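K.L.:
The lines below spell out each chain.
Number of protein chains: 2
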Amino acid sequence: MSILVVGSVAFDNVLTPSGKKDNLLGGAATYFALAASYFTEVRVVGVVGEDFTTEHENVLKQRGIDTRGIEHAQGKTFRWGGQYLDNLNEAKTDFTDLNVFENFQPRIPAEYKNTEFLFLANIHPTLQATVRRELAGVKLTGGDTMNYWIRGTNSELRETLRLMDILTINDTEAKMLANESNLPRAAHKVLAMGPKALVIKHGEYGATIFFREGAFGVGRHPFRAPALPIEEVKDPTGAGDSFAGGFMGYIASQKDVNREIIKRALFYGGVMGSFAVEQFGTERLQTLSREEIDARFQVFRELTHLE
Amino acid sequence: MSILVVGSVAFDNVLTPSGKKDNLLGGAATYFALAASYFTEVRVVGVVGEDFTTEHENVLKQRGIDTRGIEHAQGKTFRWGGQYLDNLNEAKTDFTDLNVFENFQPRIPAEYKNTEFLFLANIHPTLQATVRRELAGVKLTGGDTMNYWIRGTNSELRETLRLMDILTINDTEAKMLANESNLPRAAHKVLAMGPKALVIKHGEYGATIFFREGAFGVGRHPFRAPALPIEEVKDPTGAGDSFAGGFMGYIASQKDVNREIIKRALFYGGVMGSFAVEQFGTERLQTLSREEIDARFQVFRELTHLE
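In order, the protein sequence lines correspond to chains A and B. In this text, residue positions in the first sequence follow the working numbering: the first is 1, and each later residue adds one. In this text, residue positions in the second sequence follow the working numbering: the first is 1, and each later residue adds one.
Hints listed in this document are in silico derivations from the structure and should not be mistaken for laboratory results. Hints may be right or wrong, so weigh each one.
Below, in silico cross-link-like pairs of lysine to any residue (SDA-like), each with a Cα-Cα straight-line distance of 25 Å or less [to be verified]:
#: 1; chain 1: B; residue 1: Lys113; chain 2: B; residue 2: Lys189
#: 2; chain 1: B; residue 1: Lys189; chain 2: A; residue 2: Gln279
#: 3; chain 1: A; residue 1: Lys92; chain 2: B; residue 2: Asn87
#: 4; chain 1: B; residue 1: Lys263; chain 2: A; residue 2: Arg68
#: 5; chain 1: B; residue 1: Lys189; chain 2: A; residue 2: Glu232
#: 6; chain 1: B; residue 1: Lys175; chain 2: A; residue 2: Thr40
#: 7; chain 1: A; residue 1: Lys175; chain 2: B; residue 2: Lys92
Since the model is a prediction, treat every value here as computed from it, not as a measurement.
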C-alpha cells in the first residue's frame with residue numbers, strides 16, 4: 001500500500017572522519033522515501049528551490065518514488081552543514097539555512113488523497129497536524145519530532161501527538177518530552193500523550209518499541225531490535241530517517257498491522273539505517289536490492305537470536 | 001563444574017533516587033559469586049576485615065558458596081561510597097577506603113586447585129596474572145578490568161590479557177583500551193591483545209560479544225543480548241559483576257563451551273544484571289530461584305526474538 005512522507009528535502013555539507021562532502025542530496029523526506037521505496041509505493045510532499053535539478057529529482061524517480069508533491073519554489077533549497085569528527089552518534093551543526101523550507105506549507109496533491117499510510121517527518125507540529133487532518137482516511141500515521149519542537153512548541157506538539165499512531169524519536173528526545181530520566185517510564189508517559197506505540201531509537205544500540213496496553217495486540221511488553229556493529233560509519237546523516245523509512249515502509253507493505261509485523265518492521269528499520277551510514281549521503285540507499293536487504297535482515301536476526 | 005572468583009568483598013554506602021543505604025554487603029566477588037551460585041558451584045578468594053561478621057559470611061554460605069578462600073585480616077573491610085542521583089548509568093564515587101584490600105595478595109586454598117573455571121574480577125592486573133598462572137589447569141578464564149588499570153598499569157594489563165579467554169568490560173573501557181572510538185573496531189583491537197572473546201557491556205542496552213576468528217566456533221560474527229527496560233532501578237551497584245556472574249556461571253554449568261552456549265550465557269548475564277538492580281545491594285540476588293531466573297530468560301528472549 002502507499003505511504004506518504006511529508007518533510008524536508010535538503011542539500012547537506014558533511015564532515016566525518018571518512019572525509020568531507022558538499023551539496024549531498026539529503027533531508028528527512030529524501031532518506032525516508034528512498035528507504036521505504038524498497039518495500040512499497042512512496043509519495044513525497046516537500047519543497048525545493050531552483051537549485052534542485054531534474055538530476056536530483058531523478059534520484060527519487062529512479063526508485064519509483066512519486067515526486068508530484070514536491071513543490072518547486074523560488075529561491076534556494078534548505079541547506080544544512082554539520083560534522084561528526086568528535087562523535088559519530090551526534091552531529092555538530094555548522095549552519096542551517098532554511099531557505100524555501102522556512103515558509104513550507106505542505107500541499108497534498110489530489111492524487112495523494114487516497115494515501116493509506118502517512119509519515120510526518122520532523123517539521124513544525126502544527127504543520128504535521130494540518131496534514132494529518134487533511135488526510136482523514138489514512139490507516140496509520142507515524143511521525144518524528146525533535147528537541148527544538150519539544151522545547152519551543154510543546155503545546156502544539158502535544159496536540160499533534162494525539163493524531164499519531166506511532167512516534168519515532170531517540171532516547172534524549174523521549175526523556176525530554178516526558179521530563180523523566182528513566183527510559184521505560186519516559187516511554188509510558190509519552191504513550192499517555194496519545195501515540196499507540198513509541199519507537200525509541202538508540203543509535204548504535206538499536207531501537208525499542210513500547211506499546212500502549214492492547215495496541216496492535218495483547219499486553220504492553222516492549223520489543224527491542226538490535227543495530228549492527230558497523231566498523232566504518234562513513235556518514236551518519238539520515239540514519240534515523242532511513243530507519244523510519246524501513247520501519248514504516250515494511251508496515252505499509254503488509255496486509256495487516258499487528259505486533260509481529262511491527263517487530264519485523266523494527267528489524268527492517270535497523271537494516272535500512274545500517275545501509276544508510278555505509279556511504280555519504282543517500283548513495284547506498286539508491287542502489288540496494290531487496291535481496292541485499294533481506295540478507296542483512298538475516299544477519300540482524302542471527303546477531304541476536306538464540307537457536 | 002566449579003568456578004572460582006577472585007576479587008573484592010566490600011561494604012558499600014549508596015545513594016540513589018530510591019533512597020540511601022549504608023554498610024551494604026558488596027564488592028565485585030560478592031555480586032559475581034551470588035549471581036553464579038544459581039548455576040554452578042562457586043568458590044571465592046578475597047580478603048575482609050574484622051568488621052566482616054559470620055552473618056555476612058552466611059549470606060554467601062546460604063547460597064552454597066565456598067568461602068574458604070576469604071582471608072580474614074586485621075583491620076577494616078574495603079569500603080566504598082557512591083551516588084547515582086544524576087545518572088543511574090554511572091556512579092559518582094564519594095569515597096574509597098581500600099583498608100585490608102590495599103595489600104590484598106590472593107591465596108588459593110589447596111582445595112581450590114582443581115578449579116575448572118576462573119573469573120579474575122577487577123583487581124591489579126599483576127595479581128590477576130599471578131592467580132591465573134598458579135591455576136595452570138583451568139579450562140577457561142574470564143576477567144574484568146577498569147579505567148584505573150587501563151591508564152595506570154597498561155603494560156601489566158596487556159600481559160594479563162594474554163592469559164584471559166574472555167574479557168568483560170564496558171563501552172568506555174573498550175574504547176580506552178583500544179584507543180579507538182568505533183566500537184567494533186575497538187573490539188577487534190582488544191581481541192588482538194589476547195582474549196578469544198570480548199564481552200562489551202552496554203548497561204541498559206545489553207551487551208555484545210565479539211569473537212576472534214574461529215574462537216569457540218566458526219567465524220567472527222558478534223552476538224548481542226538485550227537488557228530489560230526496567231522502570232525502577234533501585235541500585236545499579238554490582239550490575240556488571242552480576243552480569244559476569246550469570247554469564248560465567250552459566251558457561252561453567254555446561255559440558256561444552258561453544259558459541260551457542262556462550263550466546264545463551266550472554267542472555268543469562270543480562271538476566272542476573274536485571275535482578276541485581278531491583279533492590280539495594282545484594283538483596284535480590286540472595287533469594288532468587290532458578291525458576292524465576294528461567295522465567296526472566298524467556299522474557300529476554302521474547303523481548304528480542306521474532307517468530
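K.L.:
With the threshold set at 25 Å, check whether the alpha-carbon distance from Lys175/A to Lys92/B stays at or below it.
P.N.:
Holds, at about 21 Å.
K.L.:
Against the 25 Å threshold, does the CA-CA distance of Lys175/B and Thr40/A hold or violate the hint?
P.N.:
40 Å, violated
K.L.:
Does Asn87/B lie within 25 Å of Lys92/A when you go C-alpha to C-alpha?
P.N.:
Given that 25 Å is the threshold and the Cα spacing comes to 24 Å, the pair holds.
K.L.:
Has the given pair, Lys189/B with Glu232/A, been kept, meaning a C-alpha gap of at most 25 Å?
P.N.:
Roughly 14 Å between the alpha carbons, so the hint for Lys189/B and Glu232/A holds.
K.L.:
So if I understand the rule, the pair passes when the alpha-carbon distance is 25 Å or less; does Lys189/B with Gln279/A pass?
P.N.:
24 Å, holds
K.L.:
Holds or violated: Lys113/B and Lys189/B, Cα atoms, limit 25 Å.
P.N.:
With a Cα-Cα distance of about 33 Å, the restraint between Lys113/B and Lys189/B is violated, given a limit of 25 Å.
K.L.:
Holds or violated: Lys263/B and Arg68/A, Cα atoms, limit 25 Å.
P.N.:
49 Å, violated
Hints 1, 4, 6 from the list above are not met by this structure, while the remaining hints are.
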